[in-house]
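Dock chain F against the given chain W, drawing on the hints supplied.
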Amino acid sequence: MNALVWSVPGVALAVAAALAALPARLGRLAGWLAAGAAAYATGASIVLAGSGLRTSTVWFEAGRLVFTVGLRTDGIAVSFALLVASMSAVVNVYAIGYMRGREGRARFFAWMAFFQGSMLALVLADSFLVLFAAWEAVGIASWALIAHEHDRAEARRAGAQAFLVTRLGDLAMLGAWLAAVLATASSDLDPTLAAAASGRLAPGFAVALAFLFLVAALAKSAQLPLSAWLPTAMIGPTPVSALLHSATMVAAGAFLVIRLWPLFEAAPLALGALRWIGLTTAVAAALAATAQDDLKAVLAWSTVDQLGLMMLALGIYGPGAATLHLFTHAVFKAGLFLVAGIVDEGTGTRSLSRLGGLSRAMPWGAATFGACALALAALPPFAGFVSGDEILARAAATGAGWGGAVVALVGIAGVYAGRAFAGVFSAWPGARTPRLAPAPATMLGASLVLGAGSILAGWAFRGALSQALPFAPAAEVSAWWRFLGVAASTAGLAVGIGGTRARGPVPLLGRWVGAVPTAAALLTSAAARAGVAFAATSEHVEAGLDRAASAAGRRAGSIAAVAAFAEQLLDRASRRAGVSVRAAGRAAGVVESRGVSDGLDRAAAAIGTVGDRVRHTQAGPVWVYTATVTAFLVAAAVAAILAAFFDVSLRLAGG
Amino acid sequence: MTAVPLTAFLVVAAVLFVIGVYAVVAQRTAAMILMGVELVLNAVALNVVAFWRFVRPEDYSAQIFVIVIVTIGAIEMAVGLGVVLLLYRVRRSVQVDDYARLEG
Numbered sequence: 033m034n035a036l037v038w039s040v041p042g043v044a045l046a047v048a049a050a051l052a053a054l055p056a057r058l059g060r061l062a063g064w065l066a067a068g069a070a071a072y073a074t075g076a077s078i079v080l081a082g083s084g085l086r087t088s089t090v091w092f093e094a095g096r097l098v099f100t101v102g103l104r105t106d107g108i109a110v111s112f113a114l115l116v117a118s119m120s121a122v123v124n125v126y127a128i129g130y131m132r133g134r135e136g137r138a139r140f141f142a143w144m145a146f147f148q149g150s151m152l153a154l155v156l157a158d159s160f161l162v163l164f165a166a167w168e169a170v171g172i173a174s175w176a177l178i179a180h181e182h183d184r185a186e187a188r189r190a191g192a193q194a195f196l197v198t199r200l201g202d203l204a205m206l207g208a209w210l211a212a213v214l215a216t217a218s219s220d221l222d223p224t225l226a227a228a229a230s231g232r233l234a235p236g237f238a239v240a241l242a243f244l245f246l247v248a249a250l251a252k253s254a255q256l257p258l259s260a261w262l263p264t265a266m267i268g269p270t271p272v273s274a275l276l277h278s279a280t281m282v283a284a285g286a287f288l289v290i291r292l293w294p295l296f297e298a299a300p301l302a303l304g305a306l307r308w309i310g311l312t313t314a315v316a317a318a319l320a321a322t323a324q325d326d327l328k329a330v331l332a333w334s335t336v337d338q339l340g341l342m343m344l345a346l347g348i349y350g351p352g353a354a355t356l357h358l359f360t361h362a363v364f365k366a367g368l369f370l371v372a373g374i375v376d377e378g379t380g381t382r383s384l385s386r387l388g389g390l391s392r393a394m395p396w397g398a399a400t401f402g403a404c405a406l407a408l409a410a411l412p413p414f415a416g417f418v419s420g421d422e423i424l425a426r427a428a429a430t431g432a433g434w435g436g437a438v439v440a441l442v443g444i445a446g447v448y449a450g451r452a453f454a455g456v457f458s459a460w461p462g463a464r465t466p467r468l469a470p471a472p473a474t475m476l477g478a479s480l481v482l483g484a485g486s487i488l489a490g491w492a493f494r495g496a497l498s499q500a501l502p503f504a505p506a507a508e509v510s511a512w513w514r515f516l517g518v519a520a521s522t523a524g525l526a527v528g529i530g531g532t533r534a535r536g537p538v539p540l541l542g543r544w545v546g547a548v549p550t551a552a553a554l555l556t557s558a559a560a561r562a563g564v565a566f567a568a569t570s571e572h573v574e575a576g577l578d579r580a581a582s583a584a585g586r587r588a589g590s591i592a593a594v595a596a597f598a599e600q601l602l603d604r605a606s607r608r609a610g611v612s613v614r615a616a617g618r619a620a621g622v623v624e625s626r627g628v629s630d631g632l633d634r635a636a637a638a639i640g641t642v643g644d645r646v647r648h649t650q651a652g653p654v655w656v657y658t659a660t661v662t663a664f665l666v667a668a669a670v671a672a673i674l675a676a677f678f679d680v681s682l683r684l685a686g687g
Numbered sequence: 024m025t026a027v028p029l030t031a032f033l034v035v036a037a038v039l040f041v042i043g044v045y046a047v048v049a050q051r052t053a054a055m056i057l058m059g060v061e062l063v064l065n066a067v068a069l070n071v072v073a074f075w076r077f078v079r080p081e082d083y084s085a086q087i088f089v090i091v092i093v094t095i096g097a098i099e100m101a102v103g104l105g106v107v108l109l110l111y112r113v114r115r116s117v118q119v120d121d122y123a124r125l126e127g
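Note that the protein sequences, when read in sequence, are chains W and F. The opening residue of the first sequence carries number 33 in this note's numbering; numbering runs sequentially from there. The opening residue of the second sequence carries number 24 in this note's numbering; numbering runs sequentially from there.
Excised from the complex, chain W in its bound form (with noise of 0.2 angstroms):
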């Protein structure tokens, strides 16, 4: 049973990585071998249905630390994962015929199969780690599947901007996962979830908690101020639009909810911010659908309204009424794409100023628009209504102000959806009917098959899943409620419908909900363009730097030129050091050579000249001598006479 819940994502997975190396030859087999692994992945779901497993198991741990990965099968898991790989399913065969004779077949289907087994692994997860790492894998996988015609710049510049402004909510994620990792010394979401629950987290820390892991939920989800991303996102192939960008990948941020929902119910603040975003969302995006020209931008917009009712009705404690909604919307938002493609690719053209009166050239894509639009409507019996009627009843039970605004959510939405519906296939004044091409039998087949579901899906999920979600029913409506609902979405479509059959697809309410959509890209482009300031900013603290580097460094080499000058000095003093050693040696030498020897020849000249004077006492005249012997005969005798007397004085004294 283990092996078949891996293999719900697993197969997926394997045969993008199949897709990835297929050689050219075999790009026919592509398409079928993604809707082939999507049909798996719901039979497997089925199977699995109600089983309850979990194939948690430890990857690594780190200190006290248990990482680990794994799947679970409760209710709410398997019925994402049954409404995720239908989807796929059905989206993928219509993308068989809406690649036909175009390029990149096997790197599409590689990346749709790709972008299902994330899907599946995000839907079906239980530990953290899974989800954040399926978490970006989705990211990844709509930036590439958007980029698809790498050649064109605008859809690599819409690519990069989706993967980065669900970034940022993914940076927000990888906090708050990893906050919760650490409290619990687990990554499984079984810990956190019942902590939650318990009341054992610090309410600071829920809220802190909830709170970033709701602007990943709001980056995902495009809304307000990240909502610019989605209608640029429709540059990408419409299948891309279809199971993406309005029944699965941005439903992510809806799941996020639903799946913390025990650590959202700990942290009211969160939700109460939430219901706010949902509303304002919701309202600037029907305003900005009801003005759009490109059928797309009506359906993207749209897409950013309904997703901000799912919101709205998560912020009003409504889980229930919110899951129910997001798989309703994701049959019929999906279905209206599909019939945008068919249209798109018959007609070569995808504004509602030049399109019109296509009814009777493509009789059931204009049945299955057309349901799918009343299903948006929110008009009974269809889907929308369903899943819309049980928001309403959450929020006339919160209050009568959110039971309004719900309200007057469903009319615009009736306004813009009839608005839609009529610019494309009526006539109306002015209308010039393109040449249509027939579709593929798969592309129309694929759209029937929504077409129905818009039609049916709204019983038979709410039976499903009322018994699948832990969560509780919902309250009855009010039959007064439920019928000003239905009421306002058939005053909405009258204006829709008939607005255009008068005037044509003109912004029915107004030329200046125009700049709702400018508003919205200016919040979201604010971030970034306060990066872009940053970095300005940066660069002249940079520059600043550098200057205060070389100024230092100059200082630097002022202190390299004293120490230059000091060795100068150095220098100096050493070679007049030397000099005066010289000078002295000089001396020493003069001294030498005039005292020494001269004093030496002086001396022995001296010498010389006593020795030549003394000569003369020997070499003289006669008396000379006679003078000194007599001299000297005379001081011998004085002074014998003197020893005498003396002589004789002691003997006589000494007697």
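Hints in this document: simulated from the structure, not taken from any laboratory. Where a beta carbon is used, it is the ideal one built from N, C-alpha and C, also for glycine. You can take every hint at face value.
Over 10 angstroms on every C-beta distance to chain W, these chain F residues come out as not near it, computed from the model:
{"id": "1", "residue": "Ala31"}
{"id": "2", "residue": "Phe32"}
{"id": "3", "residue": "Val34"}
{"id": "4", "residue": "Leu39"}
{"id": "5", "residue": "Arg79"}
{"id": "6", "residue": "Glu99"}
Not the full set, but computed from the structure, chain W residues with beta-carbon under 10 angstroms of chain F:
{"id": "7", "residue": "His648"}
{"id": "8", "residue": "Val654"}
{"id": "9", "residue": "Val666"}
Below, chain F without anything else, positioned relative to chain W:
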């Protein structure tokens, strides 16, 4: 008759001696130098005799001494004169200054 005291003899002998020394030193003529030497000798002899007569008259060795002095004086005079004669023959002068160079 009053006896001549010793001192008188000594004084005379001294005077003679001094005159003799002066003659030896100051005279330029060789013969006069010899005369001066003779005077010195005689003074000494007088001194000896005086001391014999007054201090130890019994010791007659003084008399012998005087005779020796005279003898030596005589010999010395002979030899001296002979040298002076020879010197005169060579140097053709009796001035001792001319005898400065003891060569030849």
